[in-house]
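Novice: Sequence:
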Amino acid sequence: MRPVAHVLLSIATIVSSSCARVTPFTVSVRGPATSCSIAVAGRTMTNDALMAVARSKAGKGRHARIKADMSAPSYRCLGPAIYTLQMAGFTNIETVAAPPATHR
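Residues 23 to 126, numbered by my numbering, are exactly what the sequence shown covers, in order.
Wrong hints could be hidden among the right ones.
[To be verified] Ranges between beta-carbon positions, derived for each pair: (1) 108 / 61: 15 to 25 Å; (2) 56 / 81: 32 to 42 Å; (3) 57 / 82: 11 to 21 Å; (4) 83 / 56: 29 to 39 Å; (5) 83 / 54: 11 to 21 Å; (6) 57 / 81: 24 to 34 Å; (7) 83 / 109: 15 to 25 Å; (8) 109 / 65: 14 to 24 Å.
What the hints contain is simulated information worked out from the structure, not anything from laboratory work. Treat the numbers as computed from the prediction; the structure is a model and nothing was measured. All C-beta atoms in this analysis are idealised placements derived from N, C-alpha and C, irrespective of residue type, glycine included.
Work the whole structure out from these sequences, hints included.
Specialist: Rendered as structure tokens:
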């Protein structure tokens, strides 16, 4: 039989390794619907380039985050980014949009 402390340590190790935080793959979407841009780590890219980068970053348990840096997020900009990330293998994609600036 195994000592109780050894079994508890084994269970704690398994639980902590499976609950480890994985940094999200972050994509920035900027601009109006007529001229939006997609950037990863400050580098502007096309949807094809995003697909290539995202495929290499998608993995089990990793999620993607789209930061919409625009006053009125357009689905013409967000839609293709979401679709590309899904096709690259991400199953969990969150969208974060800053509220528009208020003028006083």
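Novice: Can you list which hints this structure breaks, lowest number first?
Specialist: 3, 5
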